[in-house]
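Could you build all of it, start to finish, from the sequences and the hints given here?
Protein chains in written order, with numbering that gives the first Met the number 0: chain Y, 0 to 320; chain H, 0 to 279.
These are computed hints drawn from the structure, not numbers from a lab.
One should not assume that every hint holds.
[To be verified] Below, a list of computed lysine-lysine pairs in the BS3-like style, where the Cα atoms sit at most 25 Å apart:
(1) Y:292 x Y:265
(2) H:235 x H:63
(3) H:2 x Y:163
(4) Y:234 x Y:265
(5) Y:271 x Y:254
(6) Y:292 x Y:247
(7) H:8 x Y:163
(8) Y:9 x H:276
(9) H:25 x Y:142
(10) H:8 x Y:85
(11) H:276 x Y:85
(12) H:141 x H:235
(13) Y:122 x H:8
(14) Y:249 x Y:265
(15) Y:27 x Y:12
(16) H:198 x H:235
(17) Y:85 x H:2
(18) Y:265 x Y:247
(19) Y:292 x Y:249
(20) Y:12 x Y:318
(21) Y:27 x H:276
(22) Y:249 x Y:271
(23) H:276 x Y:12
(24) Y:234 x Y:254
(25) Y:85 x Y:9
(26) Y:163 x Y:122
(27) Y:9 x Y:163
[To be verified] Among chain H residues calculated to face chain Y with C-beta under 10 Å, some are:
(28) 8
(29) 9
(30) 15
(31) 23
(32) 92
(33) 96
(34) 105
(35) 108
(36) 110
Positions of the beta carbon are idealized from the N, C-alpha and C atoms, including for glycine.
Letter by letter, the chains look like this.
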Amino acid sequence: MSVSQEPIIKTTKLTKIYETGFRGEEVKALIDLDLEIYSGEIFGYLGPNGSGKTTTIKLLLGLIFPTYGEIFVLGTSDINSPAVKKNIGYLPEGAFYPDFLRGEEILHFYGQLYGLTGRELRKRVDYVLDLVGMTHARRRMLKGYSKGMRQRIGLAQALISDPKILILDEPTTGLDPIARKEIRDILARLRDEGKTLFISSHELLEVEMISNRVGILFDGVLRVSGTLDELLEIKDRIVEFANATEDKIKIIIDKGGEIFDQIDSKVFLRAKSDDDIYNVIELGRSVGLSLVKITPRRESLEELFVRVITSAEAERRTKNE
Amino acid sequence: MSKVIEFVKGPWYIAVYTWREGLRRKTLVGFLILSLLVIFGATFMTSFLNQATVGDVTTDMDLKLIKDICVTTISIFGVLITIFISASVVPVEVENRIIYTVLSKPVRRFQYLLGKFLGAQLIIIMNLCLMGGLFFVALYIKQRILPTLLLWSVFLTYFEFLIVSALTFAVACASSSSVLPTIAGLFIYITGSLTEYLKDVYNRSGQTGEFLDSLIGYLAYILWNILPNLQRFSLKTQIVNSQPNDPPTDVLIPQLVLYALIYAVSGYIIAYWIFRKREV
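Here is the structure:
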């Protein structure tokens, strides 16, 4: 997989303000969003409910219109042109499709809208049904599908034209762990095929596992954006020792040592800073443990998310006061 | 040429899908079955009762009554189906959010609307063909004369429905539920069928010299000018009173078709103008 230096999706100062109620009260759903998504990358778009994720996706797809700001997809601002949309596959949150059609009929219909016909269309329908594991249910009416099946058929319709860009809004929400793992595997496979994936999700662990870059949105503002290496801070250092026994561990705890983990005769102690590493090593040696290695531990995406959102909420509270 | 075909393909696929969706709508199918039952009952059942009471002689009065009931049934159920489908094809997709997946495909909003409108027309035409076809067969069995006048009537009724459909569709494109456009469609049909009375109201206004009287006259005049005159499309009196194979009289069919097409195109343009910047 190679990531291009030319953004395939770019927004500049993208802003969406809704007017609600009789008085036309303004609700700022998205404020000055500058975003660049590069060809071949997986971008995880994160944020709590109501932060503006779906608004961004609707703007990118031309379903709603910006109050101001610009959107470029594949180098053009005419994002509604069929030439651009031929290269985009979209999976909406909740998967809404005509219930009166069978699984394969849905795919035929959407495939036709992409200009696919005849044998090419049939081959593509067979391929995507197989990819999402829905071949067995292809002739069943959609109203008889479970939530997971609807999500899979939704992913299949997004992939029907073999698009360059996939925009996925909460692709694994509401799925059981096995279905989630399967969807995640499909996404990883698409990443390996060089597709550009824009994934809006609440599932932080999943995003962390497959994304190259992430952006965190709060109150319509993109708070942070970058690669995981750039964003995830070194949280602490883990010092690994061998020859641990219950007695030795008890002494360490009594002396103020912080146990991170314990596996058989190995014990992992947490050092809060570089300077603290020496104290931890000294503590381990003092009870007869043998030093194995020292590993820096990066914070998880979940920890980053909580850190960013907590700070944004505090900022909002200060502003309101 | 290939560009034109490419352009038309999208709307056509959407039209066929809309038509298939319509066939599975319970309300729509209910209206259709009910209308077919009324036509069937009015023709075949009355024939059975006549034979039971006065032998196999069907009086002129009976036949006129049957024709009257059937033409009215086609008109009422036909317009209800027309309004119901035209008022709902777009709002239902917005409500169910199916529109997200369709508009995110390589389809312009103009094409999407064209597809939905054509799909509604396919449903209206199919319903008219079923109702008109049953009446056609029944009349032929009763009179042993091909009722060609009925074919002209069904043809003109479609263009009457086309006007109602296009204007209802335009209202539907501004609405997020099908309730308001349904009410608007009924209003368009009722007032469109009464435009001659509106002219009459205008002609009689101003006689008392009161402000309200003049205002009502003025409003009637505006509505008379804007609203289509749907009565022009009716061959009911002729169907009821003439021989089934008489040619249509007192109507200029090409002019009426053109008249309907002008309203239909205007309705579609208004619909697109509303929908092109609508946020979904």
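Each hint tested on the structure:
1. Straight-line distance between C-alpha atoms of residue 292 of chain Y and residue 265 of chain Y comes to about 11 Å, which keeps the hinted pair within the 25 Å bound.
2. Under the criterion of a C-alpha separation no larger than 25 Å, the hint pairing residue 235 of chain H with residue 63 of chain H is consistent with the structure, at around 11 Å.
3. Between the alpha carbons of residue 2 of chain H and residue 163 of chain Y the distance comes to roughly 24 Å, so the proposed pair stays at or under 25 Å and holds.
4. A C-alpha spacing of about 21 Å is found between residue 234 of chain Y and residue 265 of chain Y, which places the hinted pair at or below 25 Å, so the restraint holds.
5. Our distance criterion of 25 Å between C-alpha atoms is met by residue 271 of chain Y and residue 254 of chain Y, whose separation comes to about 16 Å.
6. Of the pairs offered as hints, the one joining residue 292 of chain Y and residue 247 of chain Y holds, with about 18 Å between alpha carbons and a cut-off of 25 Å not exceeded.
7. Note on residue 8 of chain H and residue 163 of chain Y: the hinted pairing holds, with a Cα-Cα distance of about 23 Å set against a maximum of 25 Å.
8. With a C-alpha separation of about 22 Å, the suggested pair residue 9 of chain Y and residue 276 of chain H falls inside the 25 Å cut-off, and the hint holds.
9. Pair hint residue 25 of chain H plus residue 142 of chain Y holds up; C-alpha atoms about 15 Å apart against a cutoff of 25 Å.
10. For a cut-off of 25 Å, the pair hint linking residue 8 of chain H to residue 85 of chain Y stands: about 15 Å separates their Cα positions.
11. Pair hint residue 276 of chain H plus residue 85 of chain Y holds up; C-alpha atoms about 21 Å apart against a cutoff of 25 Å.
12. Using a Cα cut-off of 25 Å, the hinted pair residue 141 of chain H and residue 235 of chain H holds, with the two alpha carbons roughly 18 Å apart.
13. Restraint check for residue 122 of chain Y and residue 8 of chain H: the C-alpha separation of about 20 Å stays at or below 25 Å, so the hint holds.
14. Restraint check for residue 249 of chain Y and residue 265 of chain Y: the C-alpha separation of about 14 Å stays at or below 25 Å, so the hint holds.
15. About 13 Å separates the Cα atoms of residue 27 of chain Y and residue 12 of chain Y, which keeps this hinted pair within 25 Å; it holds.
16. Note on residue 198 of chain H and residue 235 of chain H: the hinted pairing holds, with a Cα-Cα distance of about 22 Å set against a maximum of 25 Å.
17. Distance hint between residue 85 of chain Y and residue 2 of chain H is fulfilled; the C-alpha atoms sit about 16 Å from each other, no more than 25 Å.
18. For the proposed pair residue 265 of chain Y and residue 247 of chain Y, the alpha carbon gap of about 11 Å is at most 25 Å, so the pair holds.
19. With a C-alpha separation of about 21 Å, the suggested pairing of residue 292 of chain Y with residue 249 of chain Y holds against the 25 Å cut-off.
20. Distance hint between residue 12 of chain Y and residue 318 of chain Y is fulfilled; the C-alpha atoms sit about 22 Å from each other, no more than 25 Å.
21. Taking the CA atoms of residue 27 of chain Y and residue 276 of chain H, the gap is about 19 Å. The hint holds against a cut of 25 Å.
22. Using a Cα cut-off of 25 Å, the hinted pair residue 249 of chain Y and residue 271 of chain Y holds, with the two alpha carbons roughly 20 Å apart.
23. A hinted pair counts as satisfied when its Cα atoms are at most 25 Å apart, and residue 276 of chain H with residue 12 of chain Y qualifies at roughly 21 Å.
24. Restraint check for residue 234 of chain Y and residue 254 of chain Y: the C-alpha separation of about 22 Å stays at or below 25 Å, so the hint holds.
25. For the suggested pair residue 85 of chain Y and residue 9 of chain Y, the alpha carbons sit about 18 Å apart, so the restraint of at most 25 Å is met.
26. For the hint linking residue 163 of chain Y to residue 122 of chain Y, the alpha-carbon distance of about 19 Å falls within 25 Å, and the restraint holds.
27. Pair hint residue 9 of chain Y plus residue 163 of chain Y holds up; C-alpha atoms about 15 Å apart against a cutoff of 25 Å.
28. Residue-level restraint check for residue 8 of chain H holds (minimum Cβ-Cβ distance to chain Y is 7 Å; threshold 10 Å).
29. Checking residue 9 of chain H against chain Y: minimum C-beta separation of about 6 Å stays under 10 Å; hint holds.
30. Of the supplied interface hints, the one on residue 15 of chain H holds, with its beta-carbon coming within about 9 Å of a beta-carbon of chain Y, less than 10 Å.
31. Annotation: interface hint on residue 23 of chain H holds; nearest CB of chain Y at approximately 4 Å, less than 10 Å.
32. Interface restraint check: residue 92 of chain H against chain Y, minimum CB-CB distance 9 Å, threshold 10 Å, status holds.
33. The restraint placing residue 96 of chain H at the interface with chain Y holds, with a minimum CB-CB distance near 4 Å, inside the 10 Å limit.
34. Checking residue 105 of chain H against chain Y: minimum C-beta separation of about 3 Å stays under 10 Å; hint holds.
35. The interface hint given for residue 108 of chain H is met, as the beta carbon of that residue sits about 8 Å from the closest beta carbon of chain Y, less than 10 Å.
36. Evaluation of the residue 110 of chain H hint against chain Y yields a held restraint, the C-beta minimum of about 9 Å falling below 10 Å.
Checked against the numbered hints above, the structure breaks none of them.
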